[in-house]
Amino acid sequence: MSLIKHAKTYLLNQSNYKHLNAFNSLVEPSVLLARSGISESDRAEEIGSNDVYDKPIAIKDNICTKDLKTTASSGILKDFVSPYDATVVKLLQDDGAVVVGKTNMDEFGMGSHSTHSHFGPVKLQRYEGEEVSAGGSSGGSALAVATSQCWAALGTDTGGSVRLPAAYTGIVGFKPSYGLLSRWGVIAYANSLDTVGILGKNVKDVEAIFDKLNVYDPQDPTSLPRSTRARLLDPHPKRPDSLRIGIPLDYNIDTLHPTVRKSWIRRLRELWNRGHTLHPVRLPTTQQALSAYYVLAPAEASSNLAKYDGVRFGSRAEGIDGAPGRVLFAKTRGQGFGPEVQRRILLGAFSLSAQAIDNYFIQAQKIRRLVQHDFNGVFARPNPLFDHDGTTSSKKRKGVDILVCPTAPSLPPSLSEVETQDPIHSYMNDVFTVPASLAGLPAISVPSGESHDLPSGTSCNSVGIQIIGQYGDDKLVLDAAKNL
Amino acid sequence: MFARSIRNTLAAASKQRYICQSCLHRARKSPLALTRLSTQPRTRSLHTESEPPQPPRNATSFRKLLKDAAKQQKKKEKGAVSPRHNPRLEHWELTVGIEVHAELNTARKLFSAAATSVSEAPNTHVALFDVAFPGTQPRFNKDTLLPALRAAIAFQCEIQHKSSFDRKHYFYQDQPAGYQITQYYEPFATNGKITLYPHDFPPGAAPQPEPFDIGIKQIQMEQDTAKTVQQPPSTYLLDFNRVSHPLIEIITLPHIHDPTVAAVVVRKIQNILKSVNACTTGMELGGLRADVNVSVRQRQGHSESSHSYHGVTGLGQRTEIKNLASFKAVEDAIIAERDRQIDLLESGGIVEGETRGWTLGSKTTKRLRGKEGEIDYRYMPDPDIAPVIIGESLVKHLRDTLPKLPDVHIDTLVQTYGLTAKDAITLISLDDGARLEYYLATLHALKRDATQNEEEVPLNVLGKITSNWVLMELGSLFTDEAWDSTRISTRFLKDVVSHVRRKQITSPSGKRLLAMSFDGDKRSVAEIVEQESLLLKPLSHEEYVKLAQNLLDEKPDMVRDITEKGQVKKTMWFVGQMVARSPEGTVEPGKAKEVLKEVLGLGDQEL
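In order, the protein sequences belong to chains A and B. Each residue of the first sequence is one higher than the one before, counting from 1 in my numbering. Each residue of the second sequence is one higher than the one before, counting from 1001 in my numbering.
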């Protein structure tokens, strides 16, 4: 199909679904149409094997772009234009991709339903009159892909922010291993967890983007250097056609929605039918992982968000700010940040304070190590960040290749439900996604592939199945997802 | 890995001076740039009051300072009350710990590619990360470790194999990120010391004749903040050039019990940092700042001295005085705070743990904030910055190639070159070591000259003569101007000194030669001596006697004063007259003195 036809479809959808609030800003339609004016023969030359050439891609609004505002859906950055492009944006543009717009999200990535936005909530609507959560915090990116307002989208995943909205909106959301994709130009929420993620209609598209972005960036101090990347691939044991699939029993919690459990079991049975083997495994720190996450992420956030004072960039409160002799931005910060951001800053400031750090921040760091230890204990492949010489791998361990579990314990709640939910309850939604984030592991959410009925009489697919692999096993995770 | 990659560039790097090339360019174009700079406020102060920096001192004023100090000391020793014997201090013991912040001599900032700068136009050396733009990340410049390590080695610290960076949070407009990146949990150097010798003190001020140590708890690397330029009444301009300039913070143990020792410690830290090329700008330009912790306790009875700082126990409640920008400020602030605390305790009060400020010239410290206002810095490891691993081979290399420390210099100057300790210290402390270099170059040239002429002149004699010329004669020429090693070439000075030493010209002629060269005369010593007929035409002994007799006959009163009243010093007036009244280059002062003594019958008396 010609691009001009594509471009028109995307533009039409952008206008049809404007009320769902997926975008904070869009490029002029002319940009998209101008690109589709290039003759087919020229294009054929350029494209070659390039899968992202001319593809319209949406960028989450916490990833810096020179041409469009970068607001992180926050009042304090509501008019901010970054003087530079994030590395991931630059890489895509260099390969000919077209940035179509910046997507709505939870302010600074803090939320699970994309409702904590200065620009209003993102709405998932599967039938007329419905308003449910698109998941968060990359809800705008997920919805834009799901409603074909773009070909694919970049999001960020700190504790599940790409995987959860992918599950709710019925698309594919991939969080690569920490350190593979550059964070230069990605507005930090909790830098030790923040990962650029990719959202697309299918695994193949997601993988195409991943391959473009999976390069070392000297500007990001946490980007894996080339030597370490080589080690991830190097003594790559030959994968047998039959995978050893782990079922984390600790994820079969009481509050798991019956529809979700049913989907999970069905997918496992299918895998077994195809010759893969199933193995129950224990990840005992799963429950503590969620608590640890909600100590660590706000702690880092309270530090990362200290820079927003409206002095050098960003918005300032009207009138005089600050009593004499005091700092000049108490009012600016009070007005610029939304309630959820303020809540997490306060939480983080507390857990780092002299009287609390030992009981909260330090304990949470210890749990983070235990979570990583849990995962290392179940995977066949040793963690390449730990075993430098690879001697232990020669001794064949009886571990699993991947873990398969639900992405979220429940179905997307309605927005009115979300509004009345207390924050702790909404944090519970991240229980299955947070452990992989704490350990920096690659994880992907794919649609469960079966429909469930909606009250309206229609049906939809809002259950995501998550595949988690050992650190650096991103390709295996993507391959497994293709087979699912 | 880091150690291996850096090893290749080590040899060059360790000797390299880290100076921003564009700054260097500017400095060359405008030699006054630095002097002009000293009138700007450069202090970092949380209390936003800037103190005028101390003007740099030249040779004569520094020597005068030492002389005055010696005089004062003599007076004090004669007088009844000396602060050293302040009766209150029999009861109260002062304890001081110091934190010195020094700007490292590096080309680039600690975490960005922006160049460091001292006098550039505001906000011209700022990377996006320096002003905390969203999405930017730090990039640790490994080069900044080299001067930091040299400093740590000079202070005999244990270099930590692994160290890491933490965030110290507080809100202030000079702190763009809302936190400072520093080393709190794992500093790169610990357990050092600084040894104080009597020669470090003004004459007579050393508390004991033997050298003694002040412990250094740790040295850490950290970022500097932006410079606030106050524009009264209510405008504050921010210059982000200084943001993230690499600093080291040197924390001493509370081992200091005397305000003078504290000032000497800070000065010695500065000298050591400069001599190992860790830091280039001193306190006078804001490159070094000190905070002091002050407490007092009763010498007998430890009932209320229950505090412990850095493992030193039994101390009184301390207060911290921030942002001291001169040695004098360090000393005076400690004295004022000590006396304030003693007054308070003697009148039944208690010392509050608080942060205080001090402005130059004031008599008391001023409360800035109390304990309830103390900031909880919420230290957190920086998740973006990997730990720093320092290889042993790097440390060894830096240790082996460390420039000589001032103490080693002083030893050589006194033992081998025959200088007094006072002159040796003066020579080292002047002009960032340029004077010392000049001195050594001249001395070595003289030595070569003597060897070529097969003269046997002991090195300590040559050394002493040379120091007199470099300090006294050149010092008086450069009284009103900044030192410039190229103004009078070392070769020229060498020739002057040689001529005088070999009695080819008189020393007054030698001084005249220097003055001529100073004023731009391009001729060589030999040419001037020849063209101006300065060559010594020695008078015979008889001619000396005759000259002396004529003079003495003119002033019988003075002769009587000398011979009858024993005012032998007046003989020197006649020496001066003999030189003055004869054609230039004929009368040598030394010989004139001997002849006068002979005629006056003074024998071997000292004049």
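Check each hint, because a few of them may be wrong.
Simulated restraints, written as ranges between beta carbons of each label pair [what the hints assert, rightly or not]:
no.	chain 1	residue 1	chain 2	residue 2	range
1	A	346	B	1212	38 to 44 Å
2	B	1191	A	278	54 to 60 Å
3	A	346	B	1374	15 to 21 Å
4	A	279	B	1191	49 to 55 Å
5	B	1191	A	483	37 to 43 Å
6	B	1191	A	240	54 to 60 Å
7	A	323	B	1230	17 to 23 Å
8	B	1230	A	13	55 to 61 Å
Just so you know, these hints were derived from the structure itself, not from any lab. Beta carbons: idealized from backbone N, C-alpha and C, even for Gly.
Results of checking the hints against the structure:
1. 346(A) with 1212(B): 38 to 44 Å: For residue 346(A) and residue 1212(B) the Cβ distance comes to about 50 Å; the hint is violated.
2. 1191(B) with 278(A): 54 to 60 Å: holds, 57 Å
3. 346(A) with 1374(B): 15 to 21 Å: holds, 20 Å
4. 279(A) with 1191(B): 49 to 55 Å: Given a distance of about 52 Å, which is inside 49 to 55 Å, the answer is holds.
5. 1191(B) with 483(A): 37 to 43 Å: The hinted range 37 to 43 Å is violated for residue 1191(B) and residue 483(A), with Cβ atoms some 59 Å apart.
6. 1191(B) with 240(A): 54 to 60 Å: Once the Cβ atoms are compared, 56 Å apart, the range 54 to 60 Å for residue 240(A) and residue 1191(B) holds.
7. 323(A) with 1230(B): 17 to 23 Å: Between residue 323(A) and residue 1230(B), where Cβ atoms are some 18 Å apart, the hint holds.
8. 1230(B) with 13(A): 55 to 61 Å: Distance hint for residue 1230(B), residue 13(A) holds at roughly 56 Å.
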